[in-house]
Each structure stands twice: as structure tokens, then as C-alpha cells.
Amino acid sequence: MALLKLRGVVHRFGRQVVLRGVDLTVESGSCVALFGGNGTGKSTLLSVLSTRLRPRSGRYQLSGFDALSDGESARGKLIFVGHHTHLYGHLNPIENLRFFLDLRGVSRSEDRLHEALEAVGLARFAQRPAGGFSAGMRKRLALARTILAPPALLLLDEPHSALDRQGAEWLNGMLGAYIEQGGAVVMASHDVARLAPLTYRVAWLYGGKLWENPPDGTQKVEATTA
Amino acid sequence: MTELMRYLRGAYRIAWKDVVGDLRRRATLSSMIFFAVSVLVVFQMAFEPTRQEALRLLPGLLWITVLFTSLVGLGRVFQAEEEDGALEGLLLSPMPRGVLFLGKWWGNLLLTLLVELCLVPLMLVLFNVDAWMRLHLVFGVLLLGTLGLTALGVLLAAMTQTARSRETLLALLLLPLVAPLLVAGVQATGAVLGSHGPDATPWVRLLLVFDGVYLVMAPWAFGWLVEE
Chain Z
1 MALLKLRGVV HRFGRQVVLR GVDLTVESGS CVALFGGNGT GKSTLLSVLS
51 TRLRPRSGRY QLSGFDALSD GESARGKLIF VGHHTHLYGH LNPIENLRFF
101 LDLRGVSRSE DRLHEALEAV GLARFAQRPA GGFSAGMRKR LALARTILAP
151 PALLLLDEPH SALDRQGAEW LNGMLGAYIE QGGAVVMASH DVARLAPLTY
201 RVAWLYGGKL WENPPDGTQK VEATTA
Chain B
1 MTELMRYLRG AYRIAWKDVV GDLRRRATLS SMIFFAVSVL VVFQMAFEPT
51 RQEALRLLPG LLWITVLFTS LVGLGRVFQA EEEDGALEGL LLSPMPRGVL
101 FLGKWWGNLL LTLLVELCLV PLMLVLFNVD AWMRLHLVFG VLLLGTLGLT
151 ALGVLLAAMT QTARSRETLL ALLLLPLVAP LLVAGVQATG AVLGSHGPDA
201 TPWVRLLLVF DGVYLVMAPW AFGWLVEE
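As given, the protein sequences belong to chains Z and B, one line each in that order.
For the first sequence, position 123 matches number 123 in this note's numbering, and the numbering has no gaps at all.
For the second sequence, position 222 matches number 222 in this note's numbering, and the numbering has no gaps at all.
FYI, nobody ran anything at the bench for these hints, they're computed from the structure.
Accuracy of the hints is not assured; some may be wrong.
To be verified - Beyond 10 angstroms from chain B on every Cβ pair, some chain Z residues (computed): (1) 16; (2) 29; (3) 37; (4) 59; (5) 66; (6) 76; (7) 80; (8) 111; (9) 138; (10) 148; (11) 165; (12) 172; (13) 180; (14) 204; (15) 206.
What the hints assert, rightly or not - Covered, in the sense of this in silico footprint (three residues per stretch, anywhere, with C-beta under 8 angstroms from a C-beta of chain Z), are these stretches of chain B: (16) 12 to 21; (17) 73 to 87.
What you are looking at is a predicted structure, and each value in this text was computed from that prediction instead of being measured.
For glycine and all other residues, C-beta sits at the position ideal for the given N, C-alpha and C.
Only chain Z is shown next, with the shape it has when bound in the complex (with noise of 0.2 angstroms):
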């Protein structure tokens, strides 16, 4: 059965049709790259897999959970890093962690919260309140959540911007092993050079519609076919 199941999605910001009816189906264990131009809709229809947009029609279904209409359970198997990364930073990075568990409803020892900053390269940071990290090591603490609370669907919205080149293999790292136990991955990107270590499907953004490869089409794109 697809973990993700979105079908005849469409979104307009007041007369500008964003999506025309937009379909698209992710199963666990796989990653989807969503590809086009400036204003094409990625982050829109990004936004819509997040459930914080609601779109004028369609259906999406996550888990097996109507995300329409039971967002709050979709919201559960799901985690959105996208420009903004939703830190505080007036608190440091294990107080940071422990206010997003808090609000999944998930419990980690103080031992693995540590263990999870290690893993993204923050743990001499863990005291410093984030308002004064970089825009990569916020990028890094967003992420340690997947860590701490692995979700069934990862949404990134141009997750190698803002890392530098041992950031965005250390990233390409994580998510190969996340995929590989099974997660999800669906990312808007412009920067197919950064993805290239990694096994994904493309989808292309055009004209309000999803243009997807065959469905067989699961595909290694070289840096060069950018």
C-alpha cells in the first residue's frame, strides 16, 4: 500500500491557479525529487503534503489517514523542514529538541538527545541558545528531529541550501540511511548536483501539473542532466 496518495490537488492564491489537479503517490522506503522553475509550485504543493495548506480540491491520503480532513493524525507521520527552520532562539538546542518531542507526544532520554546532536555535528553547541547558530547549523539541529523521532513521510524544502559541502554530504548520508530503513522522502530542489549520491524518482513541476517519470522510472540523475 503507498504511504502517500494525493490525487486531483488543486490550489489557487486568489485568480493564479498554482495546482492543476496535481497526483502523485510515494511508498515507503523511496524518495521523490520535485524539479521546476521559480513559481511552479513546489514549495505550494510541499505545503500541501504538510497539511498547512488546505487545498480548493482534491484528496490526499497519508498512512492511511484522510490528511484533509484528519490532519492532526497525518501531522504525526510527518515531519516538514523547509526554509524556516521552527526553532526558538531564546533556547538551546537540547531544550529546542525536547519542546519538539514534547509536541509529538514522544519521549527521549537526555542521552539520546545528546547522541542526536553528535550525529548532525552540534553536541559542543548543546548549551548555546540557537538564535546564534548559522543558517547550517540550524539546518543541522532541524534535522537531528528526524533522528530523535524518525517520521514515515520527510518533507524538504531545499535541504541543501545553506550547507556547505561536508553539511550536504553528511545530509545526502542521512537521508540514504533513512530511506533506507523504510522513511520517505519527498524534496523540492533545484540543486541536482548535491542529490546525485542519492536514489530518487523525479517529478517535474510544470504548468500547475506533476510530469513524473515512467512509474518503473525509479532513477540515479546525473549532476549533468540539470
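Start from chain Z and add chain B according to the hints.
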């Protein structure tokens, strides 16, 4: 963890985040206390009321000070959510919207009550009113009024948080809506202090009714308000 425990823990964590954030930034609480003390000192110096006059004026002065002080706090209640899309982060959590409201409300309620704890004894000393034996009754009435005032205030703060002149708009919306609760609060405080009629019961009942209405309506309306 039962569902209820999960919700209460989530609401507690939101309130904790707001209170800790405020204490670390020394922002809202210090402004509220500074404002409240300034009002009392200026009033005392301007009018120099006798003990009898002070007893008569005290309920009104107390509630006006509480109202404007809470406006200072309410104007900043979603300040922490402005950075780095934190409000979106809250809304992406698998918590019912009412629980998110509860957390924000608890945080603001706690800060307002802390200010009131400082405010009332200071008032009695400044105005030389001997009501120390009835202090618990004054706090009881204040608590009842503050429950409704902050619940409505946090809802309106959420409504106006994206407006350009949000603090003005918040005051414009809050003042007329909260007026009946203020009247009940003033009358009940006067009654327990012995300056406004003998019986506080009808006014306390009225406060309870307003609290009930605001506390049922606000979490529901908040959920409706934050949906895109």
C-alpha cells in the same frame, strides 16, 4: 502516555517555552511590572487620596492597571513565534489547535498573575489601605477576572499578530469586549474590600460566566483562526 497527558504535556511545554524565553530576554515581565508600578506611583503622587478615598478608588484603579498591564504582555504573546517560522512549526505539530492555544494562554496567564502578585501588595502600601486580611479574597477575584481577560486577550493577539499596527488593533478589539468582565471585576473587588456594596456573590457569578464563555470559545476560535 494517555492522550490527555500528551496534550497537557504539550501545553505545558509551550507555556514553559514562553515563560523561560521571557525571563531570559527580560522582555515582557519587566515591561509589565515597570508599567504597573509607574501607573500606581503617578496616581498616588497626582491625587494623594485619603485612606477612605483610596479604598473607594482602589478597585477601579487595580483593574485599569491590570488591563493596561496585560495589554503590554498580550502585544508580545506571539513574539517568540515570529522568528524562523516558529508559529508554522507549532501548527505542524500533531497537537489539536486548542492545545496550542492552551499553552500560549497558560504562559501569558502566568506572567500576568506574577505581575498581579507584585501589584496588589504594592498598591496597599502606596495607598495606605489596610486590607491585608482580605488579600486572599482580592487575589481570588483577580484570578477569576484574569482567566477570562487573558483567554480573550491571547485569542485577539493571535488574530492581530500579522497586522501592521497590531498593538493598537489589539487594544481596540479587547477593550469593548472585556468591558463587562472589568465591570464585574471592579464590583466584586469593591465588595470584598467593603467599598462597593455588601455582596460580591452576583459579581463573582458573572465573572464565572464570562470565564466559561471565553474559555470555551477561545480555543475553538483559535483553531479556526490559524487554519489557512
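Results of checking the hints against the structure:
1. Every Cβ of chain B is farther than 10 angstroms from the Cβ of residue 16(Z); the closest lies at roughly 16 angstroms, confirming the non-interface assignment.
2. The claim that residue 29(Z) lies off the interface holds: its Cβ sits roughly 22 angstroms from the closest Cβ of chain B, which is beyond the 10 angstroms cut-off.
3. The beta carbon of residue 37(Z) sits about 23 angstroms from the closest Cβ of chain B, which is more than 10 angstroms, so the claim that it is off the interface holds.
4. For residue 59(Z), the condition that its CB be more than 10 angstroms from all CB atoms of chain B holds, with the nearest at approximately 18 angstroms.
5. Annotated as non-interface, residue 66(Z) keeps its C-beta farther than 10 angstroms from every C-beta of chain B; the closest such distance is 15 angstroms.
6. With a least beta-carbon separation of about 4 angstroms from chain B, residue 76(Z) fails to lie farther than 10 angstroms from that chain, contradicting its non-interface assignment.
7. Some Cβ of chain B comes within 10 angstroms of the Cβ of residue 80(Z); the nearest lies about 6 angstroms off, and the non-interface call is violated.
8. The Cβ of residue 111(Z) lies farther than 10 angstroms from every Cβ of chain B, with a closest approach of about 20 angstroms, so its non-interface assignment holds.
9. Chain B draws residue 138(Z) into its interface by the beta-carbon criterion, the shortest separation being 7 angstroms against a cut-off of 10 angstroms.
10. Taking the minimum C-beta to C-beta distance to chain B, about 14 angstroms, the non-interface status of residue 148(Z) holds against the 10 angstroms cut.
11. Non-interface status of residue 165(Z) relative to chain B is upheld: no Cβ of that chain comes within 10 angstroms, the nearest being about 24 angstroms off.
12. The non-interface label for residue 172(Z) is consistent with chain B: the shortest C-beta to C-beta separation is roughly 24 angstroms, beyond 10 angstroms.
13. No beta-carbon of chain B comes within 10 angstroms of the beta-carbon of residue 180(Z); the shortest separation is about 25 angstroms.
14. Listed as a non-interface residue, residue 204(Z) keeps its Cβ farther than 10 angstroms from every Cβ of chain B; the least gap is roughly 25 angstroms.
15. With a least CB separation of 24 angstroms from chain B, residue 206(Z) remains clear of the 10 angstroms interface cut-off, as annotated.
16. Chain Z is given as covering the region 12 to 21 of chain B, and this holds because 6 residues of the stretch bring a CB closer than 8 angstroms to a CB of that chain, at least three being needed.
17. Proximity of the region 73 to 87 of chain B to chain Z, defined as three or more residues with a beta carbon under 8 angstroms from a beta carbon of that chain, is established by the 5 residues found.
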